[in-house]
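Visitor: Taken in order, these protein sequences are the chains called R and A.
Going by my numbering, the first sequence opens with residue 45, and the numbers climb by one from there.
Going by my numbering, the second sequence opens with residue 8, and the numbers climb by one from there.
Any given hint might turn out to be false.
[Unchecked claim] Derived pair list, reagent style PhoX-like, types lysine-lysine, alpha-carbon separation capped at 20 Å:
| hint | chain 1 | residue 1 | chain 2 | residue 2 |
| --- | --- | --- | --- | --- |
| 1 | R | Lys-141 | A | Lys-108 |
| 2 | R | Lys-88 | R | Lys-101 |
| 3 | R | Lys-101 | A | Lys-108 |
| 4 | A | Lys-108 | A | Lys-68 |
| 5 | A | Lys-56 | R | Lys-141 |
These are calculated hints, taken from the structure and not from any lab test.
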Amino acid sequence: NAGVTQTPKFRILKIGQSMTLQCTQDMNHNYMYWYRQDPGMGLKLIYYSVGAGITDKGEVPNGYNVSRSTTEDFPLRLELAAPSQTSVYFCASSYEKGRAYNSPLHFGNGTRLTVT
Amino acid sequence: AQSVTQPDIHITVSEGASLELRCNYSYGATPYLFWYVQSPGQGLQLLLKYFSGDTLVQGIKGFEAEFKRSQSSFNLRKPSVHWSDAAEYFCAVGARGGGNKLTFGTGTQLKVEL
């Protein structure tokens, strides 16, 4: 059981370049999330999705885009990379059924991105 | 808006000593509360969670946490720390029916002295 898989593990980008961080999960979770982690700042929510075709902004969405065409995949797109986007990015998934049940978030191992 | 405060950035304990990591939250109703652990270069692993019921919850690796509504706290404890517990620990709060959008604290880095 792979859980949440993120690719690539590491990436160096030049300012202005674009890239897509890939995330896939095999647990049939309806919710998926992208967080970024910066030293001393904890994790900040970038975007999340409650199901295929539905996405919404989190706390720090500027400079990013997402799509959710399938239940399994939730890619994160950086269009014009900036040094402020140097961070570790985590994808996560969970299952929620209204107020009746929330599963904990399951995290991938992260993508370490450097923009220079 | 919900928020989480972890007042201790770094904590150092001796192996075999007891541990308590502090977490205070702000949320208008009864929250979902979580503790996650992150080893270097890894993602976050769930230690334990509180949804409802018994306010003392048991987790993996011998950890426990107690939900105290009157103090808005959810402190993590372990009676005897092992060297392998050295890691970063995150407390998180989530809203019921709120899309599981967790708000994380800034983390506590635990160092274990042998």
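Visitor: All hints, please: hold or fail.
Guide: Each hint tested on the structure:
Only pairs whose Cα atoms come within 20 Å are accepted, and Lys-141(R) paired with Lys-108(A) is accepted, the gap being roughly 14 Å. Restraint check: the Cα-Cα separation between Lys-88(R) and Lys-101(R) comes to about 11 Å, which is no more than 20 Å; the hinted pair holds. Note on Lys-101(R) and Lys-108(A): the hinted pairing holds, with a Cα-Cα distance of about 11 Å set against a maximum of 20 Å. About 26 Å separates the Cα atoms of Lys-108(A) and Lys-68(A), which puts this hinted pair outside 20 Å; it is violated.
Restraint check for Lys-56(A) and Lys-141(R): the C-alpha separation of about 17 Å stays at or below 20 Å, so the hint holds.
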